[in-house]
Every structure is written in structure tokens, then in C-alpha cells.
Amino acid sequence: MRKALERGLLGVGLMLAASGASMAADGHDMLFGSLLVDQLEHGWRDGQDTVEWKAQGWIGGDVEKLYLKTEGEYVRDDTVEKAEVQLLYSRMVADFWDVQAGIRHDFRPDDPSRTYAVFGFQGLAPYVIEVDASLFVSEKGDLSARFEAEHDILITQRLIAQPKLEVSAALQEVEELGIGSGLNDIELGFRVRYEITRKFAPYIGISWSRSLGKTADFARAEGEDADSLALLAGVRFAF
Amino acid sequence: MIGFKTTAFAAALMASAFLPYAPLQAAPGHSGGHGHGSAAIGEPGKAAEASRTVTIVMGDNYYEPEQIEVSAGETIRFVVQNKGEFLHEFNIATPEMHAAHQKEMAMMFEHGMLTPTSIDREMMKMDHAKMGMSHSMKHDDPNSVLLEPGQSGELIWKFPSTGTLEFACNIPGHYETGMVGGVQFRAGAGRK
Amino acid sequence: MKLTAAAGLAGTVSLYPGRRSFASADKELQLTVEAKRIVVDGVESDAIAIGDSVPAPTLRWREGDEVVVQVTNRLSEPTSIHWHGLLIQGVMDGAPGFNGYEAIGPGETYTYRFRLRQAGTYWYHSHSGLQEQQGMYGAIVIEPAGREPVRYDRDYVVVLSDHTQQNPMTVLRNLKSQEGYYNYGKRTLIDFFRQAERDGFNAALQDRLEWGDMRMDPTDLADVTGYAFLVNGRGPEDNWTGLFEPGERIRLRFINASAMSFFDVRIPDLPMTVIAADGQFVVPVQAHEFRFGVGETYDVIVRPQEDRAFTIMAEPIDRSGYARATLAPRPGMEAEIPPLRPRAILAMSDMNHGAMGMDHGTMGHGAMNHGPSGGGHAGHASMSHGTMNHAMPMQGSSGHGAHGTPAGHAMAAPVPADGAPPVGWDQVGTLPGEKALAYADLKAFARNADNREPGQEILVRLTGIMERYIWTLNGRKFEQGEPIRVAHGERVRIRYVNETMMAHPMHLHGMFVELENGESERRPLKHVVIVPPGKEVSVLLTADEPGDWPFHCHLMYHMASGMMTRFIVEQPTAKAGGKDRA
Numbered sequence: 001m002r003k004a005l006e007r008g009l010l011g012v013g014l015m016l017a018a019s020g021a022s023m024a025a026d027g028h029d030m031l032f033g034s035l036l037v038d039q040l041e042h043g044w045r046d047g048q049d050t051v052e053w054k055a056q057g058w059i060g061g062d063v064e065k066l067y068l069k070t071e072g073e074y075v076r077d078d079t080v081e082k083a084e085v086q087l088l089y090s091r092m093v094a095d096f097w098d099v100q101a102g103i104r105h106d107f108r109p110d111d112p113s114r115t116y117a118v119f120g121f122q123g124l125a126p127y128v129i130e131v132d133a134s135l136f137v138s139e140k141g142d143l144s145a146r147f148e149a150e151h152d153i154l155i156t157q158r159l160i161a162q163p164k165l166e167v168s169a170a171l172q173e174v175e176e177l178g179i180g181s182g183l184n185d186i187e188l189g190f191r192v193r194y195e196i197t198r199k200f201a202p203y204i205g206i207s208w209s210r211s212l213g214k215t216a217d218f219a220r221a222e223g224e225d226a227d228s229l230a231l232l233a234g235v236r237f238a239f
Numbered sequence: 001m002i003g004f005k006t007t008a009f010a011a012a013l014m015a016s017a018f019l020p021y022a023p024l025q026a027a028p029g030h031s032g033g034h035g036h037g038s039a040a041i042g043e044p045g046k047a048a049e050a051s052r053t054v055t056i057v058m059g060d061n062y063y064e065p066e067q068i069e070v071s072a073g074e075t076i077r078f079v080v081q082n083k084g085e086f087l088h089e090f091n092i093a094t095p096e097m098h099a100a101h102q103k104e105m106a107m108m109f110e111h112g113m114l115t116p117t118s119i120d121r122e123m124m125k126m127d128h129a130k131m132g133m134s135h136s137m138k139h140d141d142p143n144s145v146l147l148e149p150g151q152s153g154e155l156i157w158k159f160p161s162t163g164t165l166e167f168a169c170n171i172p173g174h175y176e177t178g179m180v181g182g183v184q185f186r187a188g189a190g191r192k
Numbered sequence: 001m002k003l004t005a006a007a008g009l010a011g012t013v014s015l016y017p018g019r020r021s022f023a024s025a026d027k028e029l030q031l032t033v034e035a036k037r038i039v040v041d042g043v044e045s046d047a048i049a050i051g052d053s054v055p056a057p058t059l060r061w062r063e064g065d066e067v068v069v070q071v072t073n074r075l076s077e078p079t080s081i082h083w084h085g086l087l088i089q090g091v092m093d094g095a096p097g098f099n100g101y102e103a104i105g106p107g108e109t110y111t112y113r114f115r116l117r118q119a120g121t122y123w124y125h126s127h128s129g130l131q132e133q134q135g136m137y138g139a140i141v142i143e144p145a146g147r148e149p150v151r152y153d154r155d156y157v158v159v160l161s162d163h164t165q166q167n168p169m170t171v172l173r174n175l176k177s178q179e180g181y182y183n184y185g186k187r188t189l190i191d192f193f194r195q196a197e198r199d200g201f202n203a204a205l206q207d208r209l210e211w212g213d214m215r216m217d218p219t220d221l222a223d224v225t226g227y228a229f230l231v232n233g234r235g236p237e238d239n240w241t242g243l244f245e246p247g248e249r250i251r252l253r254f255i256n257a258s259a260m261s262f263f264d265v266r267i268p269d270l271p272m273t274v275i276a277a278d279g280q281f282v283v284p285v286q287a288h289e290f291r292f293g294v295g296e297t298y299d300v301i302v303r304p305q306e307d308r309a310f311t312i313m314a315e316p317i318d319r320s321g322y323a324r325a326t327l328a329p330r331p332g333m334e335a336e337i338p339p340l341r342p343r344a345i346l347a348m349s350d351m352n353h354g355a356m357g358m359d360h361g362t363m364g365h366g367a368m369n370h371g372p373s374g375g376g377h378a379g380h381a382s383m384s385h386g387t388m389n390h391a392m393p394m395q396g397s398s399g400h401g402a403h404g405t406p407a408g409h410a411m412a413a414p415v416p417a418d419g420a421p422p423v424g425w426d427q428v429g430t431l432p433g434e435k436a437l438a439y440a441d442l443k444a445f446a447r448n449a450d451n452r453e454p455g456q457e458i459l460v461r462l463t464g465i466m467e468r469y470i471w472t473l474n475g476r477k478f479e480q481g482e483p484i485r486v487a488h489g490e491r492v493r494i495r496y497v498n499e500t501m502m503a504h505p506m507h508l509h510g511m512f513v514e515l516e517n518g519e520s521e522r523r524p525l526k527h528v529v530i531v532p533p534g535k536e537v538s539v540l541l542t543a544d545e546p547g548d549w550p551f552h553c554h555l556m557y558h559m560a561s562g563m564m565t566r567f568i569v570e571q572p573t574a575k576a577g578g579k580d581r582a
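Chains as they are written, first to last, in the numbering used here: chain A, 1 to 239; chain B, 1 to 192; chain C, 1 to 582.
Worth double-checking, as some hints may not be accurate.
Subject to a maximum C-alpha distance of 16 Å in a straight line, what follows is the list of computed EDC-like cross-link-like pairs (lysine to aspartate or glutamate) [to be verified]:
hint	chain 1	residue 1	chain 2	residue 2
1	A	Lys199	C	Glu179
2	C	Lys186	A	Asp152
3	C	Lys186	A	Glu195
What the hints contain is simulated information worked out from the structure, not anything from laboratory work.
Everything numeric in this text was worked out from a predicted model, so none of it was measured.
Assemble the whole structure, with the sequences as input and the hints as a guide.
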């Protein structure tokens with residue numbers, strides 16, 4: 001498990017290394033890279049406290065990019081509850097939209113690992129809402145989807161509130177992963193960060209998540225709550 | 001009110017522009033108020049009294065020569081030629097009077113009576129009262145010649161015994177960018 | 001050790017500012033390009049110097065002379081020097097990848113040789129990578145062979161620039177990574193409540209939604225902030241000072257050598273008479289301030305009468321700082337630094353994608369945008385002016401010119417009493433009774449040589465995706481679109497339609513364009529033309545310089561992001577030459 005996580009981190013490290021910029025010989029088509037650790041946060045909640053992360057980095061030009069996305073969760077006893085890494089080819093298809101395709105691999109200590117094919121789009125919807133939507137097909141042929149949307153509200157130039165919605169759904173029930181069919185999770189987050197610089201912003205927040213339908217049943221069967229409220233404190237940073 | 005009254009000035013400009021030799025009277029009417037009476041700048045002279053003729057060429061945007069030397073009380077006949085492509089003026093006055101003129105000129109440009117290259121004669125004849133510049137049209141302005149490109153004019157001027165005088169073009173921007181010449185009074189004997 | 005040396009140099013130079021120049025007698029000169037640490041207002045940072053200084057030494061030459069400049073590259077990357085505004089043989093123009101000119105490799109020396117075919121104020125800068133931002137720019141002053149239409153007692157070069165502590169590559173990466181990375185003047189929730197209180201909640205919300213719907217930001221005036229704004233390499237603290245004696249005429253040769261910054265330039269209490277634009281004389285015109293596009297130059301005459309200091313103030317349009325210098329009778333004197341004027345936010349009319357905001361060359365500078373001179377050429381008669389500015393709140397400034405000439409007084413944008421930002425790119429905040437120079441005020445001193453009607457119109461749409469920081473011409477990045485191709489001697493109109501929300505200073509190498517600003521036979525000659533956001537501007541060109549010329553937005557990061565194309569003037573052929581000139 002630790003190895004798997006390390007592998008994930010290695011990827012992040014590679015992104016970091018590439019996050020400088022280099023100019024091609026003809027002087028105008030340039031390669032850039034960027035890494036944003038959007039969330040690295042401690043969550044206080046009813047049951048177990050958690051540490052969660054969510055990051056994405058890219059390397060590429062204006063039209064084509066290679067994306068690495070990762071998210072995951074530690075629990076307090078220092079084991080990884082779950083970790084996910086996606087490696088995606090991303091291509092601009094409209095002014096505000098990229099389509100993305102690639103693979104996703106999940107690492108879980110208790111459940112079997114899974115690898116998925118990913119198809120998605122990411123971009124900026126009207127009213128400046130950042131959207132990331134993905135469709136996953138697992139190696140077993142199970143189909144699931146995830147939709148994320150977030151929006152920055154500037155309270156001041158540096159104090160920024162960010163409401164966020166995340167919804168996941170599945171077509172088939174996958175019992176071994178605790179996933180029911182249909183809409184299975186919804187998470188609402190609200191974080192307020194202070195941008196000391198554009199690249200470093202501590203934040204506090206609150207997040208509420210709820211499992212739905214069969215997924216909730218699975219959670220309860222495992223002794224977890226179907227809904228969970230957490231107070232968050234974390235840091236957002238970029239390279 | 002400092003300086004010349006606009007319409008009067010306009011009339012004077014017209015006179016000097018159209019007549020090769022303006023029949024100038026010896027009583028320029030701008031003595032009241034700007035603090036530089038005719039005595040300070042001199043007065044129109046009589047042709048018979050002119051001691052010499054000085055040719056002033058006006059180019060874009062300069063005078064040739066850039067400096068003249070006069071004796072106290074001397075009367076000079078100036079032949080002024082505009083060899084440039086723009087409207088130019090030859091005006092003998094004090095720096096303060098020029099400064100006042102420049103404002104008047106700017107207004108005339110704004111109202112279209114003058115353009116960078118020409119005098120709008122129709123506009124000049126209009127009733128300027130409508131522009132809020134209602135003043136007598138009888139005013140004469142004998143110390144200036146305003147010439148369109150290619151024109152020539154004459155000015156006979158009797159200088160005072162001394163003073164701070166410049167000849168200058170008060171078309172907007174011209175004085176500021178150096179279209180001005182100095183009048184130097186010869187030390188010692190003048191006529192009179 | 002390095003620090004001491006640099007600080008020492010800064011100290012020495014500031015005693016005689018603006019006086020570093022090469023003697024014109026020596027028409028052969030060597031310039032070395034090398035990395036250097038510079039100190040701005042006591043802060044040290046990396047730079048690239050030409051001739052060991054930032055800005056580079058002022059080159060004083062004489063019209064008609066042949067000059068030879070040997071440029072040696074002591075960097076570890078290729079470099080180049082472009083002679084901005086000079087009429088020059090293509091290969092000597094100094095833009096790598098064009099006209100057969102190749103960048104100067106590390107350790108190499110390139111010998112430029114050209115005859116000066118013009119007089120006036122120009123400048124030179126790197127045309128490689130982002131080096132210009134790092135200090136590779138300097139002034140060129142060419143004395144005329146004949147008589148000048150101005151007389152003055154003193155002559156100063158005033159080079160404005162923007163200096164960043166950051167590596168320009170990092171700047172570009174940040175711009176590509178996050179929209180509005182450097183914008184700390186965005187609209188906030190607090191602004192929203194203020195706006196709601198002022199205009200009503202619904203109106204404020206509606207406004208936010210309209211911008212949000214377009215995914216655009218009305219505060220996007222400048223892409224990069226955090227700059228130190230320099231005058232002749234000096235920050236506001238270092239205070240470059242030009243000396244004068246009261247009553248003297250001083251010629252100031254303003255050069256906007258910034259990478260990214262438009263400025264509003266003024267000298268409080270000292271009106272300027274503008275005598276030249278982009279190196280070419282114009283009919284003198286008085287103004288209290290001018291909006292200064294990147295790459296442009298203006299020569300002005302000022303005549304301070306009093307024994308006091310005057311502040312040369314240059315506010316970037318996003319008001320994120322200022323450049324400041326002083327004119328003074330004695331060294332060490334200072335005048336008041338006026339407070340920065342309010343930062344405007346864009347109006348919906350700045351976003352009209354060119355389809356509505358047809359104001360031709362008269363749009364652009366200052367508050368006088370409604371001059372009488374919009375028409376004047378065929379083929380544009382059908383354009384509607386009626387729908388302009390529909391979203392422009394009445395600020396009292398949109399009254400139209402009561403005066404029949406472009407020399408009217410400014411319709412000054414009043415400083416809003418209620419704290420609302422002025423709305424509209426062109427809302428400078430000109431003081432009441434003062435005049436901001438407008439493009440419509442520019443009248444070439446010399447008659448245009450060619451008054452043929454253009455044979456073809458070249459449409460150049462200024463395009464881009466701010467969110468991704470991709471900038472394009474006609475929707476294409478450099479080398480992805482077709483070059484523009486014209487015959488030698490051909491008379492063309494270039495019509496710029498700005499479909500973006502930023503102003504672009506468009507620069508054509510190798511030739512002057514004639515700005516269509518309403519003048520019929522004295523159209524001002526320009527090498528850079530500002531195209532305001534959402535507006536349209538047209539220029540005429542006689543394509544008489546054969547070559548393969550760069551044609552680009554002079555905002556450096558826009559150019560680097562793709563806002564450039566090739567403008568190819570074909571070589572003269574006996575047939576074509578005869579036909580076109582017939």
C-alpha cells in the first residue's frame with residue numbers, strides 16, 4: 001500500500017520537475033507545466049479524523065496536455081483509506097473546454113485495487129464555474145461517473161470562498177467496493193482560503209457528505225455513517 | 001479681461017491677411033487693461049519713416065531670421081512671406097501678450113475660424129456673439145500679420161526705445177515649440 | 001561584492017541622468033549583451049543589459065549616416081536586437097526567423113550595417129524569447145539632416161518600462177496556469193455590495209451575471225502586475241531627474257519600452273505640446289496627458305516657467321503602481337506625487353467583439369472618443385454606430401463633442417464621488433479642464449506621399465482566449481495561420497477588429513502605416529497602433545518595403561503566446577512594379 005502511494009507521489013514529483021517552462025527551438029510553441037495541490041487538509045469529524053488530499057498537475061502546450069490527478073484519504077492510524085491516481089491525455093476542444101482520456105488506478109488497503117479507463121471533460125462553465133466530469137469503466141466493465149463543480153467567490157482580493165459540489169454515480173452495483181447503483185455519493189464543501197500568495201493559501205472549511213441508496217447501506221453495514229460532517233483546515237499550494 | 005478681444009482680433013487678422021498693406025492707424029486699441037500699452041510695444045509706423053526693409057520668411061515652424069536687431073524708436077518695414085504649408089503669424093508683442101493671444105487663437109481654432117492651413121473667411125464674418133464672444137468688430141490689431149501658405153504681407157512698425165519684445169506665431173503649438181524670435185535693442189544711439 | 005558595484009554604479013549614474021549616449025561621430029559601435037544584476041529602488045534583481053546598462057545606451061545618430069553596430073552575445077542563449085521603427089533592409093531588422101535573419105548565438109557577434117533613412121525618436125530591443133522584459137531596450141535618437149520644425153533648449157529621452165523580479169518565463173507559466181494570476185484588482189463580494197447599494201441589488205447581480213455568463217472579467221486591464229515601473233531605469237524612489245532653467249523649452253522623447261504596460265502619462269501643472277508620434281512629426285498639439293501604448297513613442301515640448309520641480313507621472317492603466325521622474329531646476333528637488341487616479345473597469349461596450357464598436361481610428365486615447373472624424377473612407381458607411389455603448393453607464397463623460405474640431409477640450413471623466421469605478425477602457429480620469437490626447441488629434445506634419453485608394457482590405461481580427469492565455473490573430477497562433485501577402489507597391493487597408501477585452505498595440509515591422517483617424521491628407525504615420533478592446537481601427541499602407549516582416553501585438557506575453565504573423569511584401573518585379581505604380 002505504501003508502495004502504491006509512493007508511486008503516486010513519484011508521479012507528482014515528476015510533474016514538479018517538469019513544472020518549469022521550456023521554449024521550443026522555433027521560439028513560439030512552448031511547453032509548460034503546473035501542479036496544484038488544491039486540498040491538503042485535516043478533517044475533524046464524528047468518527048475518525050482524516051487527512052485528505054486532492055491535486056492535479058499538467059504538462060504540455062496550449063492544445064495538448066498530460067494530466068495527473070490524484071486524491072486520497074488517510075485515517076488517523078496512519079493508514080491510507082483510499083488513494084486514486086489518474087493519468088490523462090487532455091485536449092482542448094473549445095475555448096473553455098478540454099476533453100480528457102486515460103487511466104485511473106485506485107489503491108485501497110481493504111478492498112481490491114481497481115484500474116479504470118477514464119473519459120471526461122474539464123473546463124469552465126458559464127458563470128465561471130469550474131467543472132470536472134468523468135466517466136469510468138473498470139477492468140470488470142463496471143461503469144461509474146463523477147461530477148465536480150466549484151466556484152471562487154472573492155470576498156476580498158485574497159480572501160476567497162469556494163463552494164464545491166461533488167456527485168458520484170454508478171451504473172452497476174459493485175458490492176466489494178461498497179458501491180451501489182445509481183447516485184451513490186454527494187459531497188458539499190465550502191472552503192475559505194486566504195491567498196498569502198497565489199501559490200500558497202491556508203484555508204478552513206466545512207464539508208458534508210452523504211451516501212445514498214445502496215451505497216449508504218453498504219456504509220452502514222461496515223459501521224460507517226451514511227452522512228458525515230467535517231470541519232476542515234488545510235493548505236492549498238501550487239508550483 | 002487680459003489681452004485682445006477675440007472678434008476684434010479676428011477682424012484684425014482678416015485685415016492683415018487680405019491687404020498687402022494694411023492702412024494702419026496709429027492707435028491700436030489694445031492699450032486698456034493688459035498692462036502693456038502701445039508705448040511698451042511701439043506702434044504702427046509710416047512707410048515714409050521706415051529706415052529699412054526686413055524680410056521675414058516663415059517656414060514650418062520657424063522664422064528666418066530668428067532674431068532681429070533694432071534701434072530705439074526705429075521704424076521698420078517688414079515683408080513677411082509664408083513659405084510653409086501651414087498658417088503662420090508674425091506678431092510683435094511682449095511675451096505676456098503673446099501668451100494671451102495664444103488663448104484667443106486656440107479658441108478660434110476650436111470654433112473653426114482657423115484651421116492649421118487656412119482662414120475660414122465665412123466663419124470669420126459670422127456673428128460671433130452666438131459664440132459668446134460678442135465684441136466690437138471695429139477693433140484694429142495692427143501688430144500682427146496672419147498668412148496662409150504661400151501668402152506675403154507687410155507690417156510697418158515703429159519700435160519703442162526699449163522693452164522686452166518678441167515676434168511670434170501664436171497658432172496653437174507654434175510658439176510653444178519655438179516659433180518665436182527675439183527683438184534686440186541696439187545699445188546706444190537710436191533715431192529719436 | 002556584486003551588490004556594491006551595482007549600487008555604486010546606480011549612484012554615479014543618477015547624478016547625470018539621461019546623459020549616457022554614444023557620440024554620433026562614432027558611427028561604428030560595439031554592443032555587448034550580457035546578464036547583469038541591477039538595482040531598482042534599492043532592490044537587486046536579474047537583468048540582461050545591452051552595453052552594460054538598463055536601459056541600453058541611447059544611440060544618437062544622424063539621418064543619412066550609415067551605421068555599423070557589432071552586437072556580441074555573452075548570454076548562454078540566443079539573442080537579437082531589433083531596431084524598432086527604423087526603415088531598414090529586412091535582414092538588418094533583427095527579428096529571428098524573418099527576412100533571413102538568424103538569432104545571434106551565444107558567444108557570437110553579428111554586425112548590423114544600415115543607412116538611416118529617417119529622423120526622430122525610436123528604440124531598439126531584443127526580439128528573442130522574453131529578453132526584452134529583462135532589460136534589453138534602449139533609445140535611438142536620429143537627428144534630422146535638415147531643419148527641424150521645433151526649437152528647444154534641452155533634450156531628454158524618457159524611457160518607460162516595467163521591471164519584474166520574476167523570471168519572465170515564470171510569469172508566462174503563471175499566466176498559462178491560472179487566469180488572473182496577477183490581477184489583484186478583481187471585483188469582490190465587497191464591491192458587489194457597494195454596487196448593489198448604489199445601483200440596486202438586481203442591477204448589480206445582473207451585471208455580475210452578464211460578465212459571468214461570458215466567463216470574462218471586467219477588471220482585466222493588465223495581465224501582469226508586481227512590476228516596478230521605471231523611467232530611464234530608475235524606480236519611483238530613485239527618481240530620475242532632468243534639469244532645466246525656467247523659461248527653457250525641453251524636448252522629452254517618451255518611449256514606452258514596457259513589455260506589457262499601457263501608461264497614462266502627464267506632468268501636473270505643465271501642459272505638453274506633442275510634436276511627434278512614433279518618431280514622425282505631427283502638427284503640434286497641446287495635451288495634458290496621453291495614453292501610451294507599448295512600443296509607441298511621443299515627443300513633446302514643455303516650457304516650465306517657474307523655479308520649481310515638476311513630476312513626470314506615468315500611471316499604468318490598471319493603476320497597480322506608477323513610474324515617476326522629475327524635471328527640476330536643481331538636483332534633489334521634488335514635486336508632489338499626485339495620487340493614483342481610479343482604476344477603470346471594462347464596459348460591456350469594450351466587449352462588443354468589433355461588431356458594434358465601430359469607431360475607427362478615433363477610438364483610442366483619452367476621453368475624446370467621439371470626435372467628428374469617424375468616417376472618411378469608402379466601404380465603411382454601413383457600419384452602425386447606433387448600438388454602441390449600450391451598457392455604458394452615463395458618467396457625464398459621454399457627452400459628444402460640441403466642438404467642431406478635434407482640438408476641443410477634454411470631456412473629462414469625472415472622478416466618481418460615490419466610489420464606483422469609472423466604466424470603460426478609455427476612462428482615464430482626466431482632470432476637469434484638461435485634455436487627453438486622442439488619436440484623432442494626430443495630424444502628420446508632412447503630407448502623405450500616397451493618396452491612392454487601397455486596392456484590398458486586409459481584415460485582422462485580434463483574438464484570443466484569456467482564460468488559457470492563448471493570443472491569436474484571426475484565431476490562429478503564429479505559424480499556424482497563413483501569412484499575409486501583398487504585392488510590392490500595393491496600397492492596402494488593414495482593418496483591425498479587436499474581439500478581445502484587452503487593448504492590443506499592433507506593430508508592423510519595416511514600414512509605417514497611416515492611421516485612419518479622419519485626416520484626409522495628413523494621416524499620422526505609426527509603427528504601433530493601439531486597438532482598444534472591442535473596437536475597430538484601420539490603417540493604410542503602401543507596401544513598398546519588400547520582405548517578410550513580423551506583424552504582432554507588442555504586448556510581449558501576447559506575442560510569445562502566438563499573437564503574431566508574417567506580413568510578406570513580395571519582391572518587386574518589373575511587371576508588378578509597373579502595374580501598381582501606374
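task: Could you tell me which of the hints above the structure violates, numbers in ascending order?
output: Violated: none.
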